[in-house]
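Novice: Using my numbering, the letters of the sequence shown correspond one by one to residues 40 to 318.
No wet-lab data here; the hints were simulated from the structure.
Among the clues, some could well be false.
[To be verified] Estimated spans, in silico, between C-beta atoms of each pair:
| # | residue 1 | residue 2 | range |
| --- | --- | --- | --- |
| 1 | Ala73 | Pro161 | 32 to 40 Å |
| 2 | Gly225 | Val119 | 33 to 41 Å |
| 3 | Arg92 | Ser168 | 15 to 23 Å |
| 4 | Ala166 | Gly112 | 30 to 38 Å |
| 5 | Gln57 | Glu187 | 36 to 44 Å |
| 6 | Arg92 | Thr306 | 34 to 42 Å |
| 7 | Pro256 | Pro116 | 23 to 31 Å |
| 8 | Gln132 | Pro161 | 27 to 35 Å |
Note that the Cβ used here is the ideal one computed from N, Cα and C, for glycine as well.
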Amino acid sequence: MTAAPHALAPCLDTLLGQALAGELGPDPTTRRIAVAFTTSQAVRHDGRSGGYRNEVLSLRLDRAVGSCATEPGALPPGTVEDCAGAEVAGLLQHPVLPVRVAALDAYLMDVAPHTPAHGAQPVTVPAGSSLERSRARAAAVTDLLDVEPGGAVLVVGVVNSLLAELRSRGINGIPCDLKGGTTEWGEPIGTDALAEIGRCDAVLASGMTLGNGTFDPLRRSAQEHGKPLVMFAQTGSAVLPRFLGAGVAAVCAEPYPFFWLDGGPGTIHHYRADDGGTS
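Using the sequences and the hints, build the whole thing.
Specialist: Below is the structure:
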């Protein structure tokens with residue numbers, strides 16, 4: 040596999056600064072966001088007792104779409120209107136973190152799209168119902184873990200299909216999410232991921248950690264404890280591969296449009312640090 044040269048990023052703020060300075064691609068003062076939109080999602084699968092909601096901010100830069108998930112209603116009024124037509128440079132400095140993340144994602148997606156030339160391995164999510172596609176995505180994400188049956192994985196950003204897939208492989212999932220609550224099976228969901236890292240063999244975390252400011256502390260803690268960190272990313276799918284080999288072991292990158300938007304086949308992308316994805 041051939042990989043494009045990517046400089047390792049020590050933290051998200053450094054990566055934002057590198058993009059703003061034009062160190063990662065074209066001068067961002069010369070690039071403008073053509074389209075800004077949000078996608079609001081509510082899910083309740085047949086056979087499951089609970090559901091959930093998400094909202095995603097997406098920004099279109101030429102051929103690329105960058106995205107960042109947020110809690111529903113969290114974006115200030117007028118955010119979409121402010122982003123449409125704005126310079127990328129301005130959005131990389133926006134006071135709202137999800138806007139900065141979505142702008143960085145769009146910029147990096149345009150600079151280095153998900154192709155084998157940039158270290159990506161395509162994986163097909165077959166057509167099917169929402170639940171079938173969720174399960175297929177979960178299997179693809181879990182394939183990136185190097186954990187034996189009987190091991191434990193800290194899951195940051197609870198997705199019941201991921202927990203179910205871990206169970207099917209004999210792996211204990213330790214659920215953690217800022218919202219707390221319980222899983223589909225009535226298990227309590229922790230809210231302090233850093234407190235749980237010491238008792239797991241690996242960490243599986245959502246890209247939403249980029250948008251809520253918890254990614255860098257989680258990555259640093261995983262490094263300090265010697266735990267491999269695997270990211271599943273609709274948020275920041277082009278951002279997170281920049282951290283391969285710098286605290287991130289692998290990324291399952293899923294750019295817009297996401298698997299839950301239609302029933303047809305789609306493609307997600309695997310990155311592994313040991314494939315030289317950031318060499």
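Novice: Hint by hint, note whether the structure agrees.
Specialist: So, going through the hints one by one against the coordinates:
In this structure the supplied range 32 to 40 Å is violated for Ala73 paired with Pro161, their Cβ-Cβ distance being about 26 Å. With their beta carbons about 38 Å apart, Gly225 and Val119 fall inside the hinted range of 33 to 41 Å. Taking 15 to 23 Å as the suggested C-beta distance range, the pair Arg92 and Ser168 conforms, at roughly 19 Å. A hinted range of 30 to 38 Å holds for the C-beta pair Ala166 and Gly112, which are about 32 Å apart.
A C-beta distance of roughly 38 Å is found between Gln57 and Glu187, which places it inside the suggested range of 36 to 44 Å. In this structure the hint that Arg92 and Thr306 lie 34 to 42 Å apart at CB is violated, the actual value being about 25 Å. Taking the beta carbon of each, Pro256 and Pro116 are about 30 Å apart, inside 23 to 31 Å as hinted. Against the hinted window of 27 to 35 Å, the Cβ-Cβ separation of Gln132 and Pro161 comes to about 33 Å, which satisfies the hint.
Taken one by one, the earlier hints fail for this structure at numbers 1, 6, listed in ascending order.
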